[in-house]
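Here are the chains, one letter per residue:
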Amino acid sequence: MEKRNISVDISEAYRYMGGIGAPDGSMRSELRGAADLFEKSAISRAVVKLCEIERGDFLSLKGTCLKLRGKSIEALLNDCPLCVIFCATVGNDIEALIRKWQIKDISFTAMLDACASSAVENLCDGIEAELKSKYEAQGYYLTDRFSPGYGDLPISVQYDFCAALDTSRKIGVSVSDSGIMIPRKSVTAIIGLSKEPQKHFGADCRGCELKDSCKFRENGVTCYGQII
Amino acid sequence: MGTMLQRSGLPAGMPPELFALEHPEFLESIHRAYIEAGCQIVYANTFGANAHKLAGSGHSVIEVINASFAAAIRAASGRVPIALDIGPIGEMLEPSGTLSFEIAYDLFREMLVAGEKAGAGLVAFETFTDLAELRIAVLAAKENTSLPIFATMSFEETGRSFTGALAECFAETITGLGVDAIGVNCSMGPKKLMPIIRRIGAVSPLPLIVKANAGLPDARDGHYSINAEEFAAEMSECAEIGVKFIGGCCGTDPEYIKALHDIMLTNKCASRTVSESTRLCSITKFTTVDEVRIIGERINPTGKKRFQQALRENDFDYVLSQGVSQADAGADILDVNVGVPGLDEVLLMAKCVKGLQATVDLPLQIDSNAPAAIAAGLRAFCGKAIVNSVNGEREKLDKILPLVKKYGAAVVGLTMDEHGIPETAEERFEIAKRILAACETFGIPKRDIFIDCLTLTVSTSPDSANETLKAVRMVKEKLGLHTVLGVSNISFGLPNRELINSSFLTLAMENGLDLPIMNPNASSMTDAVAAFKLLSGFDSGCQSFVERFSNVMSTSTSASAAVGDISDAVSKGLKAEAKAITKDLLTTKTELEIINELLIPALDVVGERYEKGEVFLPQLMRSADAACEAFEVLKSSILSKGGSSVSKGKIIVATVKGDIHDIGKNIVKTILANYGYQLIDLGRDVSPETVVNTAIREEVRLVGLSALMTTTLPAMAETVKALRKSGHECKIMVGGAVLTAEYAEEIGADYYAKDAKKAVDIAKEVLG
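Chains as they are written, first to last, in this note's numbering: chain S, 22 to 249; chain G, 29 to 796.
No lab work stands behind these hints: they were computed from the structure.
There could be a bad hint or two in this list.
[As the list claims (entries may be wrong)] Here are some of the chain G residues that sit facing chain S, going by a computed Cβ distance under 8 Å:
| hint | residue |
| --- | --- |
| 1 | Pro39 |
| 2 | Glu122 |
| 3 | Ser124 |
| 4 | Leu175 |
| 5 | Ser552 |
| 6 | Ile695 |
| 7 | Met737 |
The C-beta atom is built at its ideal place from N, Cα and C for all residues, glycine as well.
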């Protein structure tokens, strides 16, 4: 279990709130206020585990109960003997903060919530960067980061994913009956390690479940800020 | 146990509790090894043997517990007692998660009853990180078994758990429930746990428990960092602290226990003393009453029309906003009174306490005349509460003090009885003595007894201030008890009440008042407290006072009322201006005129710009907040004139069962409320039955459902089905990021609300 620095990207948070383009001056300064409050209150934690991949009817990770089914994950881990799984969270304290602000100011609440989403993504990016430098030095190539619910990897693996990482004891993350991680602003992900160079797709609309109802796409942009 | 099982190949994520069924002899051998190494209490392999974790394993709780105990009993052969080991359920409780108090309680009860039957000598609750969950478990144990109770939590190095529970709050709350030993387990090695157990030991007189990990695990191979000798050496600090029960958690094995046994049996456990100071707490906030502490009085329907209306309409947001604003204004404790004739006080108290503790971190004072309402409030509140109140009446003392004792609360005693309020200080003092004696027979310690010497109106009894002050002084000096007083009564019927109240408050504090019940939003009152603290030496370096008043200049300049129009204020999202302009408008227009001619058109303009893509959701929300401020002004104005509330029709909004995302729903709620609709917000994780029952009971014609996860869409379909089946006539609109128009049609909803603006259009169409 590691504690990490939190950083919020204001423009990214604005997008998470449903804002398009750049926020104006006063919106930006309010977002900055939300980000500052968020950074003071959130405690980020992560747990990371290196696993051997076993191949049978489906992929499984040695020493865990995690079974990974589906074309997407198989394609991702095709060349990989090993993988890293991790869970990152910005904690439960901000849940209490958001509940309090929901009573006072819905707009500021949405800002806090958006900051939390931005922060947890940055947390994952940070973990990925660390893993990259660590394992590339050992001669591995990393795949893209992939999470339960992406492509055809069912979100129902979340329970076993978190159990494999012992998230409830290590970082206080549990999975609800309907597969939601609590605290809400938590992310699980898997990255494959291969001895061969890997293709990278980055975030791409093609594989996304929401591509037909996406408001960003309706407005001619993607959720990660690219013009379509 | 976990360490031993994992070493023999148990995969991470597999329930270890099944070992008793699949490999009983192996389990037995582990127990035997520990006993032979010197273990004096053995924990059965039942940590996760709850129905939630065993679901899908093909085995029942009773089966697993019986088998686990059979193995342990065979191994022990009567040499040592066996503890029923119970860990967290594995799912988070409300409000962060979806697990309810009742379901958690039942899950624990099932294990406890089975464990006691199977031969448990005690129950050991361990590795809890949610104090609220642990409290439910302890209540289940106390109410369903007669097992001695051990309770340990896991904390981070800061002394806070993952859910923010402070070590001191854990100590105070769980000790109050009447367990047999408390302490810490897991998360760290012995050295890092010592400061935390010291903190716990400073607050609780109970025997202490330390069950440490063998240091920290290596991220790669899971190997723990401290060996058996190092472990025992680090644990030896326990003797000096006075820890009675010691053991090892993750990473330890019989070798560690043997090393512990060898070192510790020669060390004497030091005796401990705990301070007698008065402590109150919530889950995350710990308050010592060692100086004046403010009790916020605003959550009380007496004489407050807006508040009564909120309770009648189940407008809990209003109640919570009163809590938040008092907390922000500097209240240390919140009084909670929800008694309104004709309403279900028990239900309201439970709901308000639950809502308040999810939103505000202050300890609460449960204020009611009805024992059932007090019980409901105490049961719902996790922390150390105050009960307001008992008095000299024997019947009242006998009914309420057992509740105070059971939940480990503090209690306020009013110096009056069946004969009324005595005139003289001496008579009130006598009643205080009676209350003290009664509390002592129930085992309630002095530090948890607060006396309210009662404030009478000085305009009708000129000596009343003197008598009250004298009584406060007598109680403080002769009985050594803390004192409570609601000061505002003193000035009833006189002009410049503020001046009288703050002066009386100062006099009272000088005479020993510790816990004034007052309005923290009245700056004259909180200023008086600040000045008193400064002058009586409670403000070191005068820091708080200086901070408080050097900020005053800058805030007052920014609060100037802007002259402008409401449309502008709403479209720019300027809250303070919207409020000020609305107040101004009321001098020339009626409330309804303002709503229909100015406010709603202003919102419509923003809505259209949003649709055209000229502004986006953030701006829409800002405007909604500004409109909300305006609306609150109008609501209060209508009420103060004796009118009934504005309502263009009722709308239910709810996030469906299993889903806890509600920001989107709340945005829609705020915007719809600004249009004058009456919103019934059922919250999140709402069952279909609740939606149906509320729709029928409140005669609601428009129901809005929200879901954010593909996994909770079935719950939405179920809710729609249940509504149709009930025969209740209404329209259903659905929304949420994963929803599409097709799916909405598929499940039989009438409308798909793709955003807040569409929700408004739908409401206009359905309700007008």
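Violations among the numbered hints: 2, 4 and 5
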